[in-house]
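Residue numbers (the working numbering), protein chains in the order written: chain A, 1 to 332; chain B, 1 to 68; chain C, 1 to 176.
Keep in mind that the hints are not guaranteed to be accurate.
Stated by the list, open to error - Taking lysine to any residue pairs in the SDA-like style, the calculated list, with each CA pair at most 25 Å apart, reads:
{"id": "1", "chain 1": "A", "residue 1": "K74", "chain 2": "C", "residue 2": "N25"}
{"id": "2", "chain 1": "C", "residue 1": "K173", "chain 2": "B", "residue 2": "I47"}
{"id": "3", "chain 1": "A", "residue 1": "K329", "chain 2": "A", "residue 2": "V164"}
{"id": "4", "chain 1": "A", "residue 1": "K312", "chain 2": "A", "residue 2": "F286"}
{"id": "5", "chain 1": "C", "residue 1": "K174", "chain 2": "A", "residue 2": "G35"}
{"id": "6", "chain 1": "A", "residue 1": "K32", "chain 2": "A", "residue 2": "V56"}
{"id": "7", "chain 1": "A", "residue 1": "K136", "chain 2": "C", "residue 2": "R24"}
{"id": "8", "chain 1": "A", "residue 1": "K136", "chain 2": "A", "residue 2": "W232"}
{"id": "9", "chain 1": "A", "residue 1": "K71", "chain 2": "A", "residue 2": "L139"}
{"id": "10", "chain 1": "C", "residue 1": "K173", "chain 2": "C", "residue 2": "L162"}
{"id": "11", "chain 1": "A", "residue 1": "K312", "chain 2": "B", "residue 2": "A39"}
{"id": "12", "chain 1": "C", "residue 1": "K173", "chain 2": "C", "residue 2": "R24"}
{"id": "13", "chain 1": "A", "residue 1": "K71", "chain 2": "C", "residue 2": "V27"}
{"id": "14", "chain 1": "A", "residue 1": "K71", "chain 2": "A", "residue 2": "V56"}
{"id": "15", "chain 1": "C", "residue 1": "K174", "chain 2": "A", "residue 2": "I62"}
{"id": "16", "chain 1": "A", "residue 1": "K74", "chain 2": "A", "residue 2": "L63"}
{"id": "17", "chain 1": "A", "residue 1": "K329", "chain 2": "C", "residue 2": "E155"}
{"id": "18", "chain 1": "A", "residue 1": "K329", "chain 2": "A", "residue 2": "I317"}
{"id": "19", "chain 1": "C", "residue 1": "K174", "chain 2": "A", "residue 2": "V56"}
{"id": "20", "chain 1": "C", "residue 1": "K174", "chain 2": "A", "residue 2": "W232"}
{"id": "21", "chain 1": "A", "residue 1": "K32", "chain 2": "A", "residue 2": "K74"}
{"id": "22", "chain 1": "A", "residue 1": "K329", "chain 2": "C", "residue 2": "K174"}
{"id": "23", "chain 1": "C", "residue 1": "K173", "chain 2": "A", "residue 2": "M307"}
I should point out that these hints are in silico values taken from the structure, not numbers from a laboratory.
Being a predicted model, the structure only gives us computed values, none of them experimental.
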Amino acid sequence: MLDTFVIPLLQIAVLVNAVLVAVTFLVLMERKVMGWAQARLGPMRVGPYGILQAIVDPIKLILKEDITPAKADKWVFTLAPIMSLVPALVVFSVIPFGPDPLYYVADINVGLLFIISVTSIGVYGIILGGWSSNSKYPLLASLRASAQLISYEIAVVMTLVSVVLTAGTLNMIGIVEAQREAGLWFAFIQPVACVLVFIGGLAETNRLPFDLPEAETELTGGFHTEYSGMRWALFFLAEYANIIVISAIVALMFFGGWMRPFPNVEALSFLDLVPPWVWYCGKIFFFLYIFVWIRATFPRYRYDQLMALGWKVFIPIAIGNLVLTGIAKVVL
Amino acid sequence: MSIELILNAVNINLVALSDQLQNLVGQVFVVFIIAVAAAEAAVGLGIIIAFYRNKETVNIDEMSLMRW
Amino acid sequence: MDAFVFYLLATLILGLGIMVITARNAVHSVLFLVLNFLLVAILYVTLSAQFVAVIQVLVYAGGIVVLYLFVVMLVSLKKAPELRSDSRRVGRTGLLLAGVVLAELIAIVWFTSASSGAPPAQAAADFPPRLASDAMLNTERLGWVLYTEYLIPFEVASMLLLVAMIGAIVLAKKNL
């Protein structure tokens, strides 16, 4: 009873809360870093250096009026934000934050496939949100968003397959252990794959420079134009939770997950004093920072450029990488 | 979509029997069925789109002409 | 516990299946279909077919149904087409067909139950000896069977997908 229900439920509660709190602070971090990048201070009013802004923002969103457009499809309109947030949170159940069972909720042998398939459910929230608003710009934006998501998902999945070939397992823990056995992070064995997955992740989370679904100047606000208050906040949460998911996957698959740098070098064993989950969270934080950094630096693509990049550059490179990995695997 | 439902019923049967008989052939078949369903959906929906572009309807009773 | 989960899942799946074909709004119908597929995937997990379950979610729920949703949204079925005048005849044909299938299933169960017991042992012997151990995971075993015994069907299926892809592009494109 204790092992089958209580502990997993506690883990889930802790994990969901941690992710949601992380999202609020990620928003704060984004505003601060954007501010610094543009030579201003960012939020400063609430709390010391604006740190309480992360708590004030959700309160504001909860208190805001929740509007349903008169011509919207009410059921689908309510369902869409939920359908986009839930998959983003479910993914965390198979991400291991450390080597022993306390640090992960579930250890399934098709872990990576599970992550891929669950994230592919998230596209429904976007399509349905745009459709149920019964308004033309959200519909256009949602068509763009889902087309973009599906195209880049192909490239990302193809690339992840080559990593799976290198590791020889689909199990998330197995992938980290394979990096320990190789004595090298997969970022050095599969540099092309690493870059592809990260850029594909940018596109899948609709971040700049691929944020066309939310391009303010062309589409007013994207697929969630008609949403307000808490339902809009759910979309927002889903987007940022997805950013954390991508960072977590990149950190886990290419940068050794919870392991310290150079896990096989004895001289560095004093680094083990830092607990594994701290290493992992530090790596995730690093990639979150890169996400924000890229947003502050790069201009936006045009839609046809985006699609051409996805289909004519990324997918061929991913397939080539896969073939090369296969050949290397057979030869070596 | 009804076809998908029917195929799913078949898939459930195959997986259940493969579990019962400890034989993986059923699951292999399910993988093939899913592949065929994907192909069928793509072509079928392509036909519907092409038809809608020409006739502005997807009502099956209107699809009585063999050529136009 | 297992039986309870199964009957719950079965009821939900059947109920959602009925909802799919009776829903007035095509988009709602697609949504019920997605839910149905997700529940079927859970059913596969309880049958210890994890790989098929994941593929079900990935290909069906994440791919095929998104395609349906796109088409339903683009074609925008404002009003449902009127019922056919001869719906009685269709209903009767359907009932007849369903009866035939039911009879067929009963016949299969009837004739195979007599000889059950033998297949498991024989099937276990089919696997290569070094793969027969229980430690082998479902995914690995499936991959092994797929790439050795069923290699040619597998290649044919991939050719079929390629042909379907080209065909769909040719059909959907306005002018080549």
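* Asked: So which hints don't hold here, by number, going up?
  -> 4, 5, 12, 14, 15, 19, 20, 21, 22
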